[in-house]
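**Q** Chain by chain, the residues run as shown.
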Amino acid sequence: MAQQHGIIVLVDVNNALKERSLDGNAYWFDNMKFLGSTGEGTEKLTTIVPGAYFLDGSQATEQVLNWLPAALGSVPPTVPRNYLAEQARHTDQEALQGIAELAPADEAELGRIREQAGRRARRSHSSRSLVTSKVLDATGQVAGANAADTYNYPTPVITDITGPAVTEKIIYPAQYGSPDMTYDGWYWAATVDTSRPGVYAYTMHIQLHELVSRDDELVWEPVDLTCESYLKVITDPKRNAFTGAGLGVLPLPAFPPIS
Amino acid sequence: MKPKISIVVLVDAVGALSDRTLHDGNLSLVDDSPLGSRNLGTTDLVTAVVPGQVVQWTPIHVDVQTPVEIQNIEFLGAAPAPVPPPLAAPAAEEGAAVEPGYAAEPVYEADGPVLTLPDFPAAAEPWTGGPSALASNGFENHDLLVWEGIVPVTMVPGVPYRYRLSIKLHEGANSVLSIESPALLRV
Numbered sequence: 339m340a341q342q343h344g345i346i347v348l349v350d351v352n353n354a355l356k357e358r359s360l361d362g363n364a365y366w367f368d369n370m371k372f373l374g375s376t377g378e379g380t381e382k383l384t385t386i387v388p389g390a391y392f393l394d395g396s397q398a399t400e401q402v403l404n405w406l407p408a409a410l411g412s413v414p415p416t417v418p419r420n421y422l423a424e425q426a427r428h429t430d431q432e433a434l435q436g437i438a439e440l441a442p443a444d445e446a447e448l449g450r451i452r453e454q455a456g457r458r459a460r461r462s463h464s465s466r467s468l469v470t471s472k473v474l475d476a477t478g479q480v481a482g483a484n485a486a487d488t489y490n491y492p493t494p495v496i497t498d499i500t501g502p503a504v505t506e507k508i509i510y511p512a513q514y515g516s517p518d519m520t521y522d523g524w525y526w527a528a529t530v531d532t533s534r535p536g537v538y539a540y541t542m543h544i545q546l547h548e549l550v551s552r553d554d555e556l557v558w559e560p561v562d563l564t565c566e567s568y569l570k571v572i573t574d575p576k577r578n579a580f581t582g583a584g585l586g587v588l589p590l591p592a593f594p595p596i597s
Numbered sequence: 023m024k025p026k027i028s029i030v031v032l033v034d035a036v037g038a039l040s041d042r043t044l045h046d047g048n049l050s051l052v053d054d055s056p057l058g059s060r061n062l063g064t065t066d067l068v069t070a071v072v073p074g075q076v077v078q079w080t081p082i083h084v085d086v087q088t089p090v091e092i093q094n095i096e097f098l099g100a101a102p103a104p105v106p107p108p109l110a111a112p113a114a115e116e117g118a119a120v121e122p123g124y125a126a127e128p129v130y131e132a133d134g135p136v137l138t139l140p141d142f143p144a145a146a147e148p149w150t151g152g153p154s155a156l157a158s159n160g161f162e163n164h165d166l167l168v169w170e171g172i173v174p175v176t177m178v179p180g181v182p183y184r185y186r187l188s189i190k191l192h193e194g195a196n197s198v199l200s201i202e203s204p205a206l207l208r209v
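Chains as they are written, first to last, in the working numbering: chain A, 339 to 597; chain B, 23 to 209.
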């Protein structure tokens with residue numbers, strides 16, 4: 339049974355933001371090298387899509403593509419995406435503890451502050467939005483006063499897949515919900531029409547986030563960039579494995595083995 | 023008579039490769055025969071069949087991003103003890119003329135229970151000319167093979183015909199693993 343394709347696009351976020359381009363800053367990988375993909379680890383990946391058809395011409399294999407983004411220098415993608423929110427809430431609680439130790443006088447007032455801070459933390463936990471998350475440094479800790487120097491980039495987000503492969507109706511990409519928290523509960527996938535062989539380009543729309551200082555506040559500003567990859571769609575006929583052609587009698591021995 | 027019997031070969035590719043065996047829960051065989059198959063869900067499946075039925079084997083990967091294909095299905099002969107295949111390429115011992123992925127041509131002994139088979143297409147000659155049936159853009163794609171065949175009337179009832187099922191997991195020297203425990207049984 340044909341395996342599903344995994345296609346990873348790894349982005350050097352720091353350089354991509356600096357150059358405002360993914361040219362030379364995106365590295366593509368897939369798991370189909372053994373069937374003829376070329377350019378793994380470069381920005382010129384051509385993913386093989388080996389289709390198959392029955393002798394009546396009907397499509398015999400469904401090929402499925404899955405895309406996942408990754409970033410050089412972010413919190414590793416194996417860490418659950420709500421790590422940011424968890425770290426933010428953790429430091430909120432630590433700060434409250436600090437306040438409690440400094441000013442034990444007004445318990446009622448402290449309780450009110452604690453409740454307020456707790457509500458804010460819960461909100462950011464549920465939204466997991468980049469804007470409300472705290473800035474983490476390269477070690478995954480909350481960055482302090484020098485945040486702008488030591489921060490960790492959020493993982494890139496795929497926002498769309500377009501290009502000839504889509505307009506020619508070779509692939510039907512869509513974003514799907516997933517119970518896998520590692521990828522934020524969302525991923526892009528597509529099925530492929532393998533009945534029209536050829537090389538088709540597609541454009542990946544990727545949103546990066548840049549940390550900027552505005553009105554004395556640090557804000558994650560989205561930066562939308564694109565990069566391109568290719569699908570090489572081929573299709574071959576299915577054949578009977580015992581005969582090499584059509585259906586035949588099973589090649590049983592004249593006598594069964596003595597058991 | 024049910025015209026077609028499906029045998030599904032479920033494989034945990036990562037488990038099989040790390041254990042270097044298809045046993046120990048890494049492979050499971052299930053069929054849909056209504057005739058009383060035995061040991062469903064294990065590697066010791068005995069599929070109950072009758073002549074004229076088409077039997078089809080389909081590999082399914084437990085993890086959808088792992089490659090799991092059938093490399094070969096070879097029925098074991100009447101030799102006292104089957105010779106274990108070499109680890110790398112079981113098909114290679116059949117000689118250069120036989121393409122990988124092809125079972126050996128059936129040999130019907132002259133003094134055996136040879137019958138004419140007017141109702142069924144004859145087993146084709148092992149196919150030797152032209153491009154490989156696996157060939158796909160210069161690579162071997164085992165997904166192109168359909169593992170199915172007709173149960174012959176020459177099959178002796180009540181005796182299990184065991185077969186060597188070889189599974190190919192990705193490529194490389196250690197990619198092919200085999201079991202010799204499953205069987206077809208004419209009822």
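Check before you lean on any hint, since a few could be wrong.
What the hints assert, rightly or not - Calculated lysine-lysine pairs in the DSBU-like style (CA-CA distance at most 30 Å, straight line): (1) A/Lys356 / A/Lys507; (2) A/Lys576 / B/Lys26; (3) A/Lys507 / A/Lys576; (4) A/Lys570 / A/Lys507; (5) A/Lys576 / B/Lys24; (6) A/Lys356 / A/Lys576.
What the hints assert, rightly or not - A few chain A residues that face chain B, going by a derived Cβ cut-off under 7 Å, partial list only: (7) Arg358; (8) Gly362; (9) Pro388.
Worth flagging that the hints you see were computed from the coordinates, not collected in a lab.
Positions of the beta carbon are idealized from the N, C-alpha and C atoms, including for glycine.
**Q** With reference to the structure, classify each hint as holding or not holding.
**A** Hint check results:
| no. | hint | result |
| --- | --- | --- |
| 1 | A/Lys356 / A/Lys507 | 35 Å, violated |
| 2 | A/Lys576 / B/Lys26 | 19 Å, holds |
| 3 | A/Lys507 / A/Lys576 | 24 Å, holds |
| 4 | A/Lys570 / A/Lys507 | 14 Å, holds |
| 5 | A/Lys576 / B/Lys24 | 24 Å, holds |
| 6 | A/Lys356 / A/Lys576 | 50 Å, violated |
| 7 | Arg358 | 34 Å, violated |
| 8 | Gly362 | 28 Å, violated |
| 9 | Pro388 | 5 Å, holds |
Violated hints for the displayed structure, listed by number in ascending order: 1, 6, 7 and 8.
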